[in-house]
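Asks: Protein chains in written order, with this note's numbering: chain A, 1 to 330; chain B, 1001 to 1330.
Everything labelled a hint here was simulated from the structure, so no lab data went into it.
Backbone N, C-alpha and C fix where the C-beta goes; we use that ideal spot for every residue, glycine too.
Taking beta-carbon pairs under 10 Å as the criterion, some of the chain B residues facing chain A (in silico):
no., residue
1, Asp-1070
2, Ile-1071
3, Leu-1109
4, Tyr-1220
Label-pair ranges, simulated between beta-carbon atoms:
no., chain 1, residue 1, chain 2, residue 2, range
5, B, Asp-1085, A, Leu-131, 23 to 33 Å
6, A, Asn-102, B, Lys-1188, 36 to 46 Å
7, B, Gly-1140, A, Asn-225, 38 to 48 Å
8, A, Glu-33, B, Lys-1188, 48 to 58 Å
9, A, Glu-135, B, His-1213, 56 to 66 Å
10, B, Lys-1206, A, Ile-313, 56 to 66 Å
11, A, Leu-328, B, Asn-1102, 46 to 56 Å
12, A, Lys-229, B, Tyr-1289, 18 to 28 Å
Below, each chain spelled out in residue letters.
Number of protein chains: 2
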Amino acid sequence: MNRPSIKEVAKKAGVSISTVSRVLNNSAPVSEELRKKVEAAVKELGYYPSNIAKSLRKGKTKTIGFILPDITNPFFADIVRGAEDFLRKKGYTLILCNSDQNGEQEIQLLETLISKHIDGLLFTGTGSFNLLLEEKIRKGLKVVFLDRIIQGINSSYVIVDNKKGMELLLDFLIKSGHKSFIFINGNKETFSAKIRYEVFVEKMEKAKLEYKHYFTNFSYEAGYNFAKKIRKLPHAIVCGNDLIAYGVIDAIEEKGYRVPDDVSVTGFDDILFSKHFKPPLTTIRQPKYKMGMKAAELLIKIIEENKFLNRGIILEPELIIRKSTKELKK
Amino acid sequence: MNRPSIKEVAKKAGVSISTVSRVLNNSAPVSEELRKKVEAAVKELGYYPSNIAKSLRKGKTKTIGFILPDITNPFFADIVRGAEDFLRKKGYTLILCNSDQNGEQEIQLLETLISKHIDGLLFTGTGSFNLLLEEKIRKGLKVVFLDRIIQGINSSYVIVDNKKGMELLLDFLIKSGHKSFIFINGNKETFSAKIRYEVFVEKMEKAKLEYKHYFTNFSYEAGYNFAKKIRKLPHAIVCGNDLIAYGVIDAIEEKGYRVPDDVSVTGFDDILFSKHFKPPLTTIRQPKYKMGMKAAELLIKIIEENKFLNRGIILEPELIIRKSTKELKK
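With these hints in hand, go ahead and build the complete structure from the sequences.
Replies: Set out below in structure tokens:
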């Protein structure tokens, strides 16, 4: 927008730019007469004081940023709702940015949010590192990591117990007779995909089962494209999240197979639609709304008590058994 | 975050605040010596120049805001993707805010975004008016309305032909023998709900069919709660969007009825999951990604050509026939 500049305000008020700045920032005494002139000009021109002026006065902008990796994944929408409901009650406004699982974009968004003066940041990263974020945290940016932590960065976080979630799922599949597995996992660089990979391999090796593992990315398309290329179906296809599972099921069915008759398929997250999917999806439920709420609560605590807390909150996952998996004959 | 203040920069550099401001804003000549001192202090403290300083130099912040009504509705996620893909190519960053279908919250978000210095705004409103937005548009804020326009506000917009969408849907249902209807519509105050209501009543009256119409809101819960209370099923339940239809189908099935055997149910939007819903949903497809892309394109045109264009783009809807509706005996 064509925002009136501070220069125009100064001209209109017949004062210097420094005077306008002093009035807006309360940074130095100004005579009542000059103050009135400036305020009249500000009002007439519809000039908005910059947020830094407000920050200087109040020390706070009451704005929280949230960088998330994929706006089209309903998993994050539920997290946002949880965070927002908490923040609103506390008088904070949440502004969201979508990195679209792109590391460069993530840096750009981080720079934009910081330049807009946020009091703190909720962050679900797309890769295994972010040097700019590391630097900003060292310089005092208050951050709570959500769903995914970045190893090597010291910060507070709220995640779900991915190890336990994966164990619940695999124990269930193994117990119901599945002996061969393909794991179509999400992005290699993400914390959650790594943990789930480790648990998977450990379980497979321990039970001496046949298995393959692939990193793709956390999307419907990744699942669809990958499953199109599978030649020989295993007993179970384990997917890195529900969206991958949706894509896998579609591709498998287009090839003329049926789920779960020909192959069991599982997800991870339990997004709203998984209950209604055809077939309804067996998956691990993450407490998404609670995750958002807890992260917002922790961030506000850090901001308002002005402490550099390093606290990790780990929430419990839950196994949800539906119709995309079946009991195999032993 | 504990951002270093301009005062601290001034102290560190051993100069006045006005001098720091002059250097950062390029608003008045400063000696090379002082400039160097200020720049060194800025660097050492990690001070970020406020966006208004950047605006003053460049006239633009290269940031676009988007206020949307419901982050949990995947309909908007697709629109965001379309807008973002276009904006990114043009070097703009998109920041999102979720009004959660709350008018007060919408005003708060608008104030926040304007105070953060956006170059323009994409706006999907939650009500039938927004006085603050009207004022801001008069004062030069560049806005493109998306999906929903607000009557009485002169601005550019990108919408889908709601009238045609509703006609396609009702003509199909009437032709396939449905003679009694309940329309569970979205929020009374929204443009799209109003248009769809008008078309519905007109069609029903013209064909002399039995009908009832109710405004609720565009959510799963609204559909679920409303359908729980329906005593006598009509031939068809027409829903204001796909989420309402999901809720309706769940409630109907919990009451022991089957869709479409006992009642046909239709949606509006065709979000990703509707193809996979059980039963797959008959609905009207809106070109969501294209809507976002076109709106971003129009907004950037308005910003870069600095014109106050009032242009409306109306996109075509498409009838998608799936398994939640059936052919009735005539």
